[in-house]
Amino acid sequence: GENVEQHPSTLSVQEGDSAVIKCTYSDSASNYFPWYKQELGKRPQLIIDIRSNVGEKKDQRIAVTLNKTAKHFSLHITETQPEDSAVYFCAASITGNQFYFGTGTSLTVIP
Amino acid sequence: ETGVTQTPRHLVMGMTNKKSLKCEQHLGHNAMYWYKQSAKKPLELMFVYNFKEQTENNSVPSRFSPECPNSSHLFLHLHTLQPEDSALYLCASSQEGTGAKGNTIYFGEGSWLTVV
Chain E
1 GENVEQHPST LSVQEGDSAV IKCTYSDSAS NYFPWYKQEL GKRPQLIIDI
51 RSNVGEKKDQ RIAVTLNKTA KHFSLHITET QPEDSAVYFC AASITGNQFY
101 FGTGTSLTVI P
Chain R
1 ETGVTQTPRH LVMGMTNKKS LKCEQHLGHN AMYWYKQSAK KPLELMFVYN
51 FKEQTENNSV PSRFSPECPN SSHLFLHLHT LQPEDSALYL CASSQEGTGA
101 KGNTIYFGEG SWLTVV
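So the sequence lines, in the order shown, correspond to chains E and R.
Read left to right, the first sequence gives residues 1 to 111 (the working numbering).
Read left to right, the second sequence gives residues 1 to 116 (the working numbering).
Careful: at least some of the hints might be erroneous.
Sample of chain R residues with no beta-carbon within 12 Å of chain E, all distances over it, derived [said to hold, decoys possible]:
no., residue
1, Thr-16
2, Lys-19
3, Lys-40
4, Lys-41
5, Ser-65
6, Pro-66
7, Glu-67
8, Cys-68
9, Pro-69
10, His-73
11, Phe-75
12, Thr-80
13, Glu-84
14, Ala-92
15, Ser-94
16, Val-115
Here are the in silico distance ranges between beta carbons for each label pair [what the hints assert, rightly or not]:
no., chain 1, residue 1, chain 2, residue 2, range
17, E, Asn-67, R, His-79, 43 to 53 Å
18, R, Val-116, E, Thr-69, 50 to 60 Å
19, E, Leu-40, R, Thr-5, 15 to 25 Å
20, E, Ser-52, R, Glu-44, 24 to 34 Å
21, E, Pro-82, R, Thr-16, 38 to 48 Å
22, E, Glu-39, R, Asn-57, 23 to 33 Å
23, R, Thr-16, E, Asp-27, 40 to 50 Å
24, R, Asn-70, E, Pro-82, 37 to 47 Å
25, R, Thr-5, E, Arg-51, 27 to 37 Å
Calculated directly from the structure, the hints in this document are not laboratory data.
Built from N, CA and C at the ideal position, the CB exists for glycine as well.
Produce the complete structure using the sequences and hints provided.
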C-alpha cells in the first residue's frame, strides 16, 4: 500500500517568515494530494489540494508544489501569522478513496 | 460549515458500558470512514465503507464494531473498551472515483471519547 512520510514533525517560525512542510509518497498511482489544517480541538479541514496533472497551485499565502518524478509534494506558507499555528497533515489518494495521511507537522508561529 | 455531523461530541464511558458513536454525511458521498486520533499520533484509519460495504478493517479490535445502514449514516458501536481507547474519533466521507469535483475527504467535528 501507499506510504506517506511527512517532515518536519514540529516547526517554529517567526511571524512574517515562510514555512515549508514536505511529504513523500511511495505509490506512483496516487493522483490526488490534499493538505489539511487541524487547530487544537477541531476537525482537520482542507486548505489546499493538487492533482497529479498539475505541478503547482497557489491560494493567497498558501501554495503546494508536486514533483511526480521524485514523488514528493510540499506546502508553502508565506507571511506567516499567529493564526497559522496548527497541525498540518498531508495525504495521498487514488481516485478519492483510500486516503493515506502523513504523521502531521505542528507549526508554531511566534509573534 | 460541515457536511459531516457526529454525535455525541463528548462521551465518557466505563469499561463495561456499551455505547455508540453516530455519523451522518449530507454530501452525497459514497464512502465513509472512521479514524482514531490519539495525542501525538497520526490519524489511524479504522474502517472504510464504500457503497455501504466494508472494504477495509485495519486490524481493529472486535470491541469496536462498525455499522453502515446506508451511504449517509455510519455508526461505531463500542463495547468493553480499555482506557487506552480514549481518543478523538473522527468520521469522514468522500466520493470515490475519478472526475468527481475535489475527491477529497471531509471530516466531522469528532467525538471525544474517554474510557474510565
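Task: Separation of His-73 of chain R from chain E, once the least beta-carbon distance is taken, above 12 Å - done: holds, 18 Å
TODO: Determine whether the non-interface label on Lys-40 of chain R survives the test: each CB of chain E must be over 12 Å from its CB.
DONE: Incorrect as stated: the minimum Cβ-Cβ distance to chain E is 9 Å, not above 12 Å.
Task: Distal placement of Lys-41 of chain R relative to chain E, Cβ over 12 Å - done: About 8 Å separates Lys-41 of chain R from the closest Cβ of chain E, which leaves it inside 12 Å; violated.
Open item on the list: Range first: 37 to 47 Å. Now tell me if the beta carbons of Asn-70 of chain R and Pro-82 of chain E are that far apart.
Closed with: holds, 43 Å
Open item on the list: Does Ser-94 of chain R clear chain E by more than 12 Å, comparing its Cβ with all Cβ atoms of that chain?
Closed with: Violated, because the least Cβ-Cβ distance between Ser-94 of chain R and chain E comes to about 5 Å, which does not exceed 12 Å.
TODO: Grab the minimum beta-carbon distance between Cys-68 of chain R and chain E and tell me whether it stays above 12 Å.
DONE: holds, 15 Å
Task: Beyond 12 Å from each Cβ of chain E, as asserted for Ser-65 of chain R - done: It holds; Ser-65 of chain R is separated from chain E by about 22 Å at its closest Cβ, greater than 12 Å.
Task: Assertion that Lys-19 of chain R lies outside the chain E interface [Cβ separation over 12 Å] - done: At roughly 21 Å from the nearest Cβ of chain E, Lys-19 of chain R sits farther out than 12 Å, so the non-interface label holds.
Open item on the list: Can you tell me whether the CB distance of Thr-16 of chain R to Asp-27 of chain E sits inside 40 to 50 Å?
Closed with: Since the Cβ atoms of Thr-16 of chain R and Asp-27 of chain E sit about 42 Å apart, the hinted range of 40 to 50 Å holds.
Open item on the list: For Thr-16 of chain R, is the shortest CB-to-CB distance to chain E above 12 Å, so the non-interface label stands?
Closed with: holds, 28 Å
TODO: Compute the least Cβ-Cβ separation between Val-115 of chain R and chain E, then decide whether it is above 12 Å.
DONE: It holds; Val-115 of chain R is separated from chain E by about 19 Å at its closest Cβ, greater than 12 Å.
Task: Given as non-interface: Pro-66 of chain R, partner chain E, CB spacing beyond 12 Å - done: At about 17 Å from chain E, Pro-66 of chain R clears the 12 Å cut-off, so the statement holds.
The structure fails hints 3, 4, 14, 15 (numbered hints given earlier, in ascending order).
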